[in-house]
Amino acid sequence: MEKNKKRTLKHKKRVGFAKKICLQVFFIALCIVTLIPIFYALSVSFNANNSLISSNFSFFPEEFTFDNYVRLFTENDMLLWFGNSLLLAVSTVVLALSVSIPAAYAFSRMRFKGRKTLLKILIILNAFPTTLSLFAIWALMRNMGLVNSKIGLILIYTGTMAIFGLWNLKGYFDTVPYEIEEAAMIDGASNRKIITSIVMPLAKPAIMVTAVMVLIYVWNEYIYSVTFMTGSDNYTLAAGLYGLQANETSGSWPLFAAASLITSLPILIIFLLVQKHMVSGLSAGGVKK
Amino acid sequence: MSELARRKLKKNARPYLYSGLSLLLIFLIVVFPIIYTLYISFTNMNLYHWYDFTFIGFQNYLTALFSFDSGFLTSLGITILWTLVNMVIQLVIAYCIALLLNSKFLKFGKFYKTLLMIPWAIPGYVSILLWKTGMFNYQFGLITKWFNDLGIVIDDLLSNSVSAFICCTVVNLWLALPYMIMIIDGALQAIDRSFYESAEIEGCGRLRKNISITIPLIKPIIGPAVLITTFTTFKQFDIIYLLTKQPVNTGANISTIITYAYENAFITSNYGYSSAVSIIIFILLVIFSALTNQNVKRKNSYGEE
Numbered sequence: 001m002e003k004n005k006k007r008t009l010k011h012k013k014r015v016g017f018a019k020k021i022c023l024q025v026f027f028i029a030l031c032i033v034t035l036i037p038i039f040y041a042l043s044v045s046f047n048a049n050n051s052l053i054s055s056n057f058s059f060f061p062e063e064f065t066f067d068n069y070v071r072l073f074t075e076n077d078m079l080l081w082f083g084n085s086l087l088l089a090v091s092t093v094v095l096a097l098s099v100s101i102p103a104a105y106a107f108s109r110m111r112f113k114g115r116k117t118l119l120k121i122l123i124i125l126n127a128f129p130t131t132l133s134l135f136a137i138w139a140l141m142r143n144m145g146l147v148n149s150k151i152g153l154i155l156i157y158t159g160t161m162a163i164f165g166l167w168n169l170k171g172y173f174d175t176v177p178y179e180i181e182e183a184a185m186i187d188g189a190s191n192r193k194i195i196t197s198i199v200m201p202l203a204k205p206a207i208m209v210t211a212v213m214v215l216i217y218v219w220n221e222y223i224y225s226v227t228f229m230t231g232s233d234n235y236t237l238a239a240g241l242y243g244l245q246a247n248e249t250s251g252s253w254p255l256f257a258a259a260s261l262i263t264s265l266p267i268l269i270i271f272l273l274v275q276k277h278m279v280s281g282l283s284a285g286g287v288k289k
Numbered sequence: 001m002s003e004l005a006r007r008k009l010k011k012n013a014r015p016y017l018y019s020g021l022s023l024l025l026i027f028l029i030v031v032f033p034i035i036y037t038l039y040i041s042f043t044n045m046n047l048y049h050w051y052d053f054t055f056i057g058f059q060n061y062l063t064a065l066f067s068f069d070s071g072f073l074t075s076l077g078i079t080i081l082w083t084l085v086n087m088v089i090q091l092v093i094a095y096c097i098a099l100l101l102n103s104k105f106l107k108f109g110k111f112y113k114t115l116l117m118i119p120w121a122i123p124g125y126v127s128i129l130l131w132k133t134g135m136f137n138y139q140f141g142l143i144t145k146w147f148n149d150l151g152i153v154i155d156d157l158l159s160n161s162v163s164a165f166i167c168c169t170v171v172n173l174w175l176a177l178p179y180m181i182m183i184i185d186g187a188l189q190a191i192d193r194s195f196y197e198s199a200e201i202e203g204c205g206r207l208r209k210n211i212s213i214t215i216p217l218i219k220p221i222i223g224p225a226v227l228i229t230t231f232t233t234f235k236q237f238d239i240i241y242l243l244t245k246q247p248v249n250t251g252a253n254i255s256t257i258i259t260y261a262y263e264n265a266f267i268t269s270n271y272g273y274s275s276a277v278s279i280i281i282f283i284l285l286v287i288f289s290a291l292t293n294q295n296v297k298r299k300n301s302y303g304e305e
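Residue numbers (my numbering), protein chains in the order written: chain A, 1 to 289; chain B, 1 to 305.
Hints may contain errors.
DSSO-like, lysine-lysine: derived pairs with alpha carbons at most 30 Å apart [said to hold, decoys possible]:
{"hint": "1", "chain 1": "B", "residue 1": "K113", "chain 2": "A", "residue 2": "K20"}
{"hint": "2", "chain 1": "B", "residue 1": "K245", "chain 2": "A", "residue 2": "K150"}
{"hint": "3", "chain 1": "A", "residue 1": "K19", "chain 2": "B", "residue 2": "K110"}
{"hint": "4", "chain 1": "A", "residue 1": "K113", "chain 2": "A", "residue 2": "K193"}
Beyond 12 Å from chain B on every Cβ pair, some chain A residues (computed) [to be verified]:
{"hint": "5", "residue": "L9"}
{"hint": "6", "residue": "E75"}
{"hint": "7", "residue": "K150"}
{"hint": "8", "residue": "V176"}
{"hint": "9", "residue": "A183"}
{"hint": "10", "residue": "G188"}
{"hint": "11", "residue": "P205"}
{"hint": "12", "residue": "G231"}
{"hint": "13", "residue": "N234"}
Computed, partial: chain A to chain B, Cβ under 7 Å [unchecked claim]:
{"hint": "14", "residue": "T34"}
{"hint": "15", "residue": "P37"}
{"hint": "16", "residue": "A41"}
{"hint": "17", "residue": "P102"}
{"hint": "18", "residue": "A106"}
{"hint": "19", "residue": "I124"}
{"hint": "20", "residue": "P129"}
{"hint": "21", "residue": "T131"}
{"hint": "22", "residue": "L132"}
{"hint": "23", "residue": "I137"}
{"hint": "24", "residue": "I156"}
{"hint": "25", "residue": "G159"}
{"hint": "26", "residue": "A162"}
{"hint": "27", "residue": "S260"}
{"hint": "28", "residue": "I267"}
{"hint": "29", "residue": "L268"}
What the hints contain is simulated information worked out from the structure, not anything from laboratory work.
Computed from a predicted model, the values in this text were never measured in an experiment.
Ideal Cβ positions, reconstructed from N, Cα and C, are used throughout, including at glycine.
Take these sequences, add in the hints, and give me the full structure.
In structure tokens form, the structure reads like this:
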């Protein structure tokens, strides 16, 4: 009996060990398979002699070089594209926050005619796919003289993200207790003062997440920037990458790979930094009411 | 005006002042396009009637819905198939991976999870174009190369509708799985361990535990995320457009309703017709979300809210 028990224990341990090994192997394989496109882009972008057509491909470049990256900045306007995208992203974040915070505050704290209806209508309107607005917005921008202008794109991006910003921030403001503000009001603080010195510090996680979501949206958007930015001075990263892949047959694939990686890096870093806060800042606001 | 009346007016106007700018932008960028699209949808605006378009009533709608040649119904069918295939595969794979990530035998789970999240953090259009050139391209795509190494000669993967559909599905899974894994992983961690202990005492097997405990318990938690993903999958444009339709059409003929509307506007310049299709899509989406909202509400009525 005793011996038997020992044996099953030993057996269990051995099974556990086998399971551990299997799981490790599985996850290592899964990660490698998942990251293959990225490994490939990395390898191609750093490879000096592009043996692309040859079949002996390896994930490690035979001859290492920064040449493709240098060419992006010297022969192409990578710096300009990057600057344009950055300018658009930062301006949109600033504008979106400065229109959404007071609006969300109004919808969270004040009671006025049409408040509930407006909130509901906004959700319904948000169902209209942005891609389908392209033609109408193009007509609008042409009449306003804002085609091929950064201001036009900033307005489009802010407007597109305004409903998300309003709902997400409003949802979070709703969870901030009102008592503190009441006390401040009795002390004679103005509404603006209350927003800037009480509500905003308390709602920091939601404001940060909203800002990051807007930033990521602008950085990742391509169809509007490619359609509206017709002059090469206004090219964003998306428009630049588009141009690079358009002549893929002429052998710019290594350049394209390098440009892809540079484009992805900032968002990847931001994403990994805020990953932890993502859940608290999003789930508290927005969808849940 | 008395001081009191002025103060009251100021107080009444305040919410509109605060939200005015935001609502104005929403009106310009979100509401105006819908109204304009609705207006254009009743006209024959196209390449030949660019300025001198006239009202043609519901003709565009009738063409889309009742003339089978128009291609709208076909693309609607493809969209539904696309949504079903993607959601089922996505849920099954994400569930299995999340279960394994939570296995007590796994070490470095956090490390693997971070690595698996990377596709989520890369701009979508970059990923899609990387897959297009790096994996599927006929000349230097890895997948073509692997097949050649095995001695199998294959056609251009994106030139054929069936293989292009599979390629699009693979890319969609690559892009969407990280989010789904994270959601299911979060839900799994919220399950009370004691359920499993009592199930073990009862002598339940692994399958039984999954079907009777894990799945029913995570269902309400992952519900909203699954719904949102279903809508994004249904509205998917980027993958199909970037992989098969630009810079030139690769030869595959798969259109979801959104790419169909886009092509009718920007390739064949049938603005009136494309607008009608857009409005139909909008109505479909609103109906779907109203139905699902009701469902969620009914299910939650005994719950927290």
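| field | Closest C-beta approach of A/I267 to chain B relative to 7 Å, hint status | value | Given a least distance of 6 Å, the restraint on A/I267 holds.
| said: Min Cβ distance, A/L132 to chain B: is it shorter than 7 Å? | reply: Where the cut-off is 7 Å and the nearest Cβ of chain B is about 4 Å from A/L132, the hint holds.
| A/G231 non-interfacial with respect to chain B [C-beta, more than 12 Å] | holds (19 Å)
| Least C-beta distance from A/L9 to chain B larger than 12 Å | holds (16 Å)
| request: Below or equal to 30 Å on CA atoms is what counts here, so check A/K19 against B/K110. | output: holds (18 Å)
| Measuring from the C-beta of A/G159 to each C-beta in chain B, is the shortest one below 7 Å? | With a closest approach of 3 Å, the A/G159 hint holds.
| field | Hinted contact A/I124 with chain B - closest CB pair below 7 Å | value | holds (6 Å)
| query | Do the numbers back the hint for A/I156, that is, is its least Cβ distance to chain B under 7 Å? | reply | At about 6 Å, which falls below the 7 Å cut-off, the nearest Cβ of chain B leaves the hint on A/I156 intact, so it holds.
| Residue hint A/T131, partner chain B, criterion CB-CB below 7 Å | holds (5 Å)
| query | Quick one, is the A/P102 hint okay against chain B at 7 Å, beta carbons? | reply | holds (4 Å)
| With a cut-off of 7 Å, does the beta carbon of A/A106 approach a beta carbon of chain B closely enough for the hint to hold? | holds (4 Å)
| task | Double-check A/A41 for me: the hint is only fine if its C-beta lies closer than 7 Å to a C-beta in chain B. | result | holds (6 Å)
Comparing the model with each earlier hint shows no violations; every hint is respected.
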